[in-house]
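Trainee: Sequence:
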Amino acid sequence: MKVIETVAILRSVLDSQRSGGASVGFVPTMGYLHAGHVSLIEASVSANDLTVVSIFVNPLQFAVGEDLGSYPVDIAGDQRACEAAGADLVFLPSVEEMYPPDRSTTVTVGGVSEPLEGESRPTHFAGVATAVAKLFSIVGPCRAYFGAKDWQQLAVVRRMTADLSLPVEVVDCPIVREPDGLALSSRNTHLSAEERSQATVLHRSLLAGAALVEAGETNPAKVEEEITRVVATAALATLDYAAAVPADTLVADGALHGEVRLLVAVRFGRCRLIDNHGCRSLIP
375 MKVIETVAIL RSVLDSQRSG GASVGFVPTM GYLHAGHVSL IEASVSANDL
425 TVVSIFVNPL QFAVGEDLGS YPVDIAGDQR ACEAAGADLV FLPSVEEMYP
475 PDRSTTVTVG GVSEPLEGES RPTHFAGVAT AVAKLFSIVG PCRAYFGAKD
525 WQQLAVVRRM TADLSLPVEV VDCPIVREPD GLALSSRNTH LSAEERSQAT
575 VLHRSLLAGA ALVEAGETNP AKVEEEITRV VATAALATLD YAAAVPADTL
625 VADGALHGEV RLLVAVRFGR CRLIDNHGCR SLIP
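Residue numbers for the sequence shown follow this note's numbering, beginning at 375 and rising by one.
Keep in mind that the hints were calculated from the coordinates and are not lab data.
In this text the structure is predicted, and so the values were computed from the model without any measurement.
Please note that the accuracy of each hint is not assured.
Below, simulated DSS-like cross-link-like pairs (lysine-lysine); rule was C-alpha separation at most 25 Å, straight line [to be verified]:
| # | residue 1 | residue 2 |
| --- | --- | --- |
| 1 | Lys523 | Lys508 |
| 2 | Lys508 | Lys376 |
| 3 | Lys596 | Lys523 |
Take these sequences, add in the hints, and give me the full structure.
Mentor: Below you can see the structure in the form of structure tokens.
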């Protein structure tokens, strides 16, 4: 496995591989890799001739007061995980390599980026879209693998990729969970033992909401009330939002129908966790 730190070298290596007919898989990450990231790498390795993993803690997606300074970092461990999963290349750029001091371009995706996380973290998705657009430009034609845990981020990336006609196939992979249902996240390390035991409430609340939808409930407010009720059973949890929305747009449009996505964000102290679950309404 080769580690590359500059845009020019990565482009040269990938262009050379593609000219020989190789397919490229790309897994963008912010490091501190866990089993969820590993599943993305393994999915890419199984479907492509060459897999590149980027490790870059993107400062643009953290607002003032968010946890950029405390975001966990383990570059050596990440490289070992990438190699064990079969990655061929690791792209490890500096902030200066990704964002020259004179840069003046930001990518903003309207619509799907505006509700939910967009309301709670107004600058977040512009930071995500800018970084991902740049990474897609650097890597070039590829399949890019994203976990479904960050469902809204996945929707934003899909919209941006389609709108900008980028030569990238966005592939979503299932959420990887702990045995008790907690979705794997780098931020889980910030939870105290008691908070960790209560954090399973996110998944339980979503399953309760899904049970209502699958039983025939079409009023999103009723489903959101049930999610909220379950979250409230965890004494240390503070609900940020609960939503029952169309899976593609994430914008409520009346009675629930077709593919529905349930999303929740909960704070435990300074640690903010998100989760989601898909279900289908009885109304087509």
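Trainee: All hints, please: hold or fail.
Mentor: Status of the hints after comparison with the structure:
Distance hint between lysine 523 and lysine 508 is fulfilled; the C-alpha atoms sit about 22 Å from each other, no more than 25 Å. Restraint check for lysine 508 and lysine 376: satisfied, since their Cα atoms lie roughly 21 Å apart, inside the 25 Å limit. At roughly 23 Å between alpha-carbon atoms, lysine 596 and lysine 523 fall within 25 Å of each other, so this suggested pair holds.
This entry satisfies every hint, going by the numbered hints stated previously.
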